[in-house]
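Asker: The chain contents come next:
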Amino acid sequence: MKLQKLLRDDRFWQIAGQAIAVLLVVIFAALIWDNLTYNLRQLGIQLGFDFLRVQASFDIGESLIPYDPSNSYSRAIFVGLLNSLRVVAIGLVLATIFGLVFGIAQLSDNWLVRRIAIAYVEIFRNVPLLLQLFFWYFAVFLNLPGIDNPITFFGSAYLTGQGVFFPWVEIGTGGGIWLALLLAGILGAIALWRWRWRVMVERGQAGNQIWYALGSILGAAIVAFVLTQSIPFRLSIPQATPGQIEGGLRLSPEFCALLAGLVIYTSSYIAEIVRAGILAVPKGQWEAARALGLKPNRIMQMVILPQALRVIVPPLTSQYLNLAKNSSLAIAVGFPDVYFVASTTFNQTGRAVEVMLLIMMTYLTTSLTISLVMNLYNRTVQIKER
Amino acid sequence: MQIQSPAPPTPPTSPLNWVQKNLFSTWYNSILTIVCLAIIIWVLSSFVSWALTAAQWGVVGANLRLFFVGRFPPELYWRVWTALGLIIGLAGICWGYIVRQSPLFSRTILFALGVIVAAVILLPLELSARLWILAIAIVALIGYGVGRTLPPSISPWLTPAWGLVFIVNIWLIGGGLGLTSVPTNVWSGLLLTLIAAICGIVLSFPFGILLALGRQSSLPVVRIFAILYIEVIRGLPLIGILFLAQVMLPLFLPPYFRNLDRVLRAIAGLVLFSAAYLAENIRGGLQAIPRGQYEAAKALGLNSPLVVLLIVLPQALRAVIPAIVGQFIGLFKDTSLLALFGLLELTGISRSILAQPQFLGRYAEVYLFIGLIYWLFCYGMSTASRYLERKLNVSN
Chain A
1 MKLQKLLRDD RFWQIAGQAI AVLLVVIFAA LIWDNLTYNL RQLGIQLGFD
51 FLRVQASFDI GESLIPYDPS NSYSRAIFVG LLNSLRVVAI GLVLATIFGL
101 VFGIAQLSDN WLVRRIAIAY VEIFRNVPLL LQLFFWYFAV FLNLPGIDNP
151 ITFFGSAYLT GQGVFFPWVE IGTGGGIWLA LLLAGILGAI ALWRWRWRVM
201 VERGQAGNQI WYALGSILGA AIVAFVLTQS IPFRLSIPQA TPGQIEGGLR
251 LSPEFCALLA GLVIYTSSYI AEIVRAGILA VPKGQWEAAR ALGLKPNRIM
301 QMVILPQALR VIVPPLTSQY LNLAKNSSLA IAVGFPDVYF VASTTFNQTG
351 RAVEVMLLIM MTYLTTSLTI SLVMNLYNRT VQIKER
Chain B
1 MQIQSPAPPT PPTSPLNWVQ KNLFSTWYNS ILTIVCLAII IWVLSSFVSW
51 ALTAAQWGVV GANLRLFFVG RFPPELYWRV WTALGLIIGL AGICWGYIVR
101 QSPLFSRTIL FALGVIVAAV ILLPLELSAR LWILAIAIVA LIGYGVGRTL
151 PPSISPWLTP AWGLVFIVNI WLIGGGLGLT SVPTNVWSGL LLTLIAAICG
201 IVLSFPFGIL LALGRQSSLP VVRIFAILYI EVIRGLPLIG ILFLAQVMLP
251 LFLPPYFRNL DRVLRAIAGL VLFSAAYLAE NIRGGLQAIP RGQYEAAKAL
301 GLNSPLVVLL IVLPQALRAV IPAIVGQFIG LFKDTSLLAL FGLLELTGIS
351 RSILAQPQFL GRYAEVYLFI GLIYWLFCYG MSTASRYLER KLNVSN
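Protein sequence lines correspond, in order, to chains A and B.
As numbered in the working numbering, residues 1 to 386 make up the first sequence, in order.
As numbered in the working numbering, residues 1 to 396 make up the second sequence, in order.
Mixed in with the good hints, there may be bad ones.
Pairs of lysine to aspartate or glutamate, DMTMM-like flavour, derived with a Cα cap of 20 Å [claimed, not checked]:
1. A:K295 with A:E202
2. A:K384 with A:E202
3. A:K283 with A:E272
4. A:K295 with A:D109
5. B:K298 with A:D9
6. B:K21 with A:D109
7. A:K283 with A:D109
8. B:K298 with A:D10
Reference excerpt, derived from the structure (chain B facing chain A, CB under 7 Å, subset only) [unchecked claim]:
9. N29
10. L219
11. V222
12. L236
13. I239
14. G240
15. V247
16. M248
17. F252
18. S336
19. L337
20. G371
21. Y374
22. W375
Calculated from the structure, these hints are not laboratory results.
Backbone N, C-alpha and C fix where the C-beta goes; we use that ideal spot for every residue, glycine too.
So that you can see chain B by itself, here it is in the shape it has in the complex (with noise of 0.2 Å):
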């Protein structure tokens, strides 16, 4: 039997209360308090005063254009906005159909919905952009209250669903198919940032697989290579794979591909790095199943194959989405590295706005930029998969 005692008396909490039981316990505390208080204002005061005067923000206002699509043409950015505003009400209807449960209005969407009203009206953008940016936002909110309302038999649809926006994507942007086409030269800015990183995981997504499962083979020849592949890949700096791959993959290839051009090389030396990687990460799902769900495959009958494919890497895929989604980001901030290589992806492209001669010597404006352009994705992405992964353990 167990005696329900009421909860322990709450004492009440005042702000000073606050203060000194988080501050100033004791002496030292005190001390660290004070320190870093004062290390504090001193950063943001001389920060604030650099940026208030010294700064010259010009070089951003004058190159959002640069920054974000590059040299895309113009005439053809309702296509790069309607790329984006598929992922987006994509992205609505999982988030909708995720947190289906929750309140309709809570705090994280108030505050995004703040945060775009607030950045349509404050940031100099041109009508047509502050425009698409509402029509966007409409469209994420409407797949959201869609998402919402959808049963959960539409769950396997929406791996699918995302293949398709890719396909759609590639399509929307690189054009063919009764699209003015764009050459991939002229992909540049955030936008080839994001190109290199979603095609490096995605397309890396076959080759990672494969390579954990001949990992986990108990075929020694086949372990053997997929040992030798990662092992080696993971103990190459990705600026080496680049270099393989920008200067050595048209020696490997037949004459034929000799002027493959940079943007694919780049990608296909993010696939190769990536892959080794996935394949790491992959495997530590496929170690996470327990034995018997292969031995209860078996006894149904099912051929090896089939019972990797149908019953052990979907669970394994599964549990490692926390794990691709750190890949991802990884990858994301790596896809850095194609500017040394001449490409003009977010950082190549404001290299090449730093060597104008009217920006010259605007570094620290320029990359403090950028820099929060990054931070933002990143830190954006890592905070949502965190919320995820736990929604998804709720609902489990």
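Chain A with its partners taken away, still in its complex shape (with noise of 0.2 Å):
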């Protein structure tokens, strides 16, 4: 009788269920551990990190930092990883821009402008990424002619089978003052085109929030001319000479394959993501918008838009997301990131375990960074109730 009473309460299942299930994870992780020590005896290999202060012995393609064979495998991880975070940071930006033309311009009211962005958001959302990756790689920018005779745009800029060249900006000595300096203009631009912004709306005064937020950078600009008495700023231009270009920036065909990839592929998705989101906003918002008399880009800024963020911005943290996780096929093109480096560590030393626990520990913390960002920014788009 007693046991029958047990048996039917509910508190006893709740107990009697979260041990059967403590019970069997330890079972399964205990099954696990044992196969993989004894595994591991088997094949000699021993658990530890020690390895990673051991010489790499083998060159990576590029960096930002300087490295060469010689060093440990702990810095030619964390070169692969500042070349990942370069990749992702990079392509974030690209895609939310190129994502964000496209998701508009597929409600444009020009017939042809919609069909295009309709057809690139079919196609590439439709072919897996690591193929448009091969396709980019092998078929475009290796496909490229040499460097003897490139593609030029304007005399300035140069595609090649070696790398893609184009002008930019060489910082000099007091370089440091300046970019802290026009760092603070551009959030001084920042807070001033917000506070210009509160005022247009709701005085309904003239806003002129571009004239503000330029007078904000050539202000800072100025401040640092004074104190640094000089501009260090020196646009390279790259030069074509026979057999080599020199100056500017060079970019590998590898970093431009798997940016290409990576841009157009999360780009089709953000495309589809900001044309539900604009969608999701009522007609009659539309409608109010214009009887109240504001021209066609006011309307998008300051009535669509706001109220689109809302439905946009938790799927889009999702493809940033995909974003960041998808550079790892950088392998597939052969671009040196963390995973390509954590691979090829795998196979000089064959410590799987200790290599996949640093894939997981990179990407979950960038993943978890990512989201972290894109919650704080949700909060503010979010409808706030008084």
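Using the hints, build the complex out of the two chains.
Answerer: The following block contains the structure:
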């Protein structure tokens, strides 16, 4: 009788269920651990991260910090991490811009523009990213003419099979002060812009936000000039001499292919998200804004986008995460990102468990950072209830 | 009282009107139109001139077999064709059943028929392949006709029928039980892509459902384990999980499984990956079930497992079918990553074709061709799922 009563009690089952779950997980983990230690002993491999201090003795194609094969594995992986972060950061910005443009273009009242945008989205969304990367790398960027007769744009940018060259700003001495002040100027410009925007919305006065923002940046530049008495920026334009191109900024074909693939693939998803977000704004909002006499671009900026952002930001976050994760496909085009370097490390050392843990740590940290930032941003665009 | 007013007169639309309204309504629209036209003409003309002069499409025609079935033994092709016939036949039955209230020959069906006829006549196929395609098309049509006449009481049997087809097809392709067995290392080409994607989604279903239920569970320990698994897997790139499956899975298993073959390892990786995403999709469905359903079922005296099994899950799964189709499309594309681990699925086999000396440098042709195959599958599936969704919503 007592047993029957117990069996009918929900609380008993709740505790029993959790106990069984814990037991199952513990048994499973113990089995795996047992097998792992046995197998590793058989293979003669030890666990531990001390191998990271050993000399890596492999070269890395491109690096943001000085690196040579005599450096340690940990430095090699750090170089890979920086490369990953570089492509992810640039990719996020470009994918957002492309996605926004094509998303809005899908709703254009121009039939041709609409069709082109829809074709872009449908083509690039439905082909695997890996295949697109292969295509960009082998069929496009490596297939460009050699460095002897490059494709030239206005005599200052070159497309070649050895890389893409374009003008870049070189920073001389005193650049630090300039950069710091310019950053302050830009932050000031953003603050001024928001203030003037509020003035325009709340009081109906002319905003002139562009002039305020430009003024802030110009002011910062003047202060910097007065302080350093020089302009430490020099525009470096690549010069083609027979056999080589000098100056400017060179992007390797690997980097270009990876960036092109990631940006185009992700932007086709973002375009759909933007389109859905804009369509989610009720039609009455457009009509009301038009009835108030707002200009089309003002309607977009002040009425539609702020409301669409509420719908756009959560799925946009997951696309950003996808871009960061997909950057690991760099190995397909030979761009030395963190996964590529880690897998080379595995091939040389055979340390599967440690390398896997490193890869997991890196990507989980990156993913967490992106979702943290985007969640903070999401909070600012959501409806604030008073 | 409502006054019925006649519909406003629609102005006559001539092509010129349409052009004026859609392409040249304002000055900036006119500029946009001209710029876009210039870009389209430039892209199309350079593509066409490349495709007709510089490109050498011989690499595609010469390797058609490799692309589709890879190294599958030619004398056993009938098994692949039969498997395809079973899928298409059952698909025809389901299609006919779903659209049984629409007219017999819609534009879509006529269009599909036209495409099949054109493909049979135009593609450089062997006679046997043409006959097989013809036979399968006839099976599909018969299935469509049969499906239209089926009574609604058949619908609970359609899902088990798909399960049966799945098992029979695995048997047909893998062999054993009376058929010559085909080892997994000759599974390649589009065949392997499809096997990996379908196995990945089908086998991840039980795990996905358990994880989703676990995440929704009222037991904190179960919930924490489920969340931990889902979030860790979702935070990792697929390539990392495939690395785990290829390199570490043998280390986690007893020594007996040390030589687990690569295809199975890859499918295990896809299942691990897909289960986490499936769980999130199913959770969406579970959250969409109103509380009243639970309470009504409890009031009828069902215990918790039965409430979930009989009342909640069927509704939740039905609600997330579109999301699962989307996930399947994603998984289908993601199988291309197996190429990075030396498997010869569609992308992998094209890389091995490109490595042959006589086809060196024919990247653009091959990648465009297999891109087209991927595109047809993905676009076809998403279009079909959107269409079905509309149909099913209307009939409800």
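Asker: Run through the hints listed earlier and report the numbers of any the structure violates, in increasing order.
Answerer: Per hint list: zero violations.
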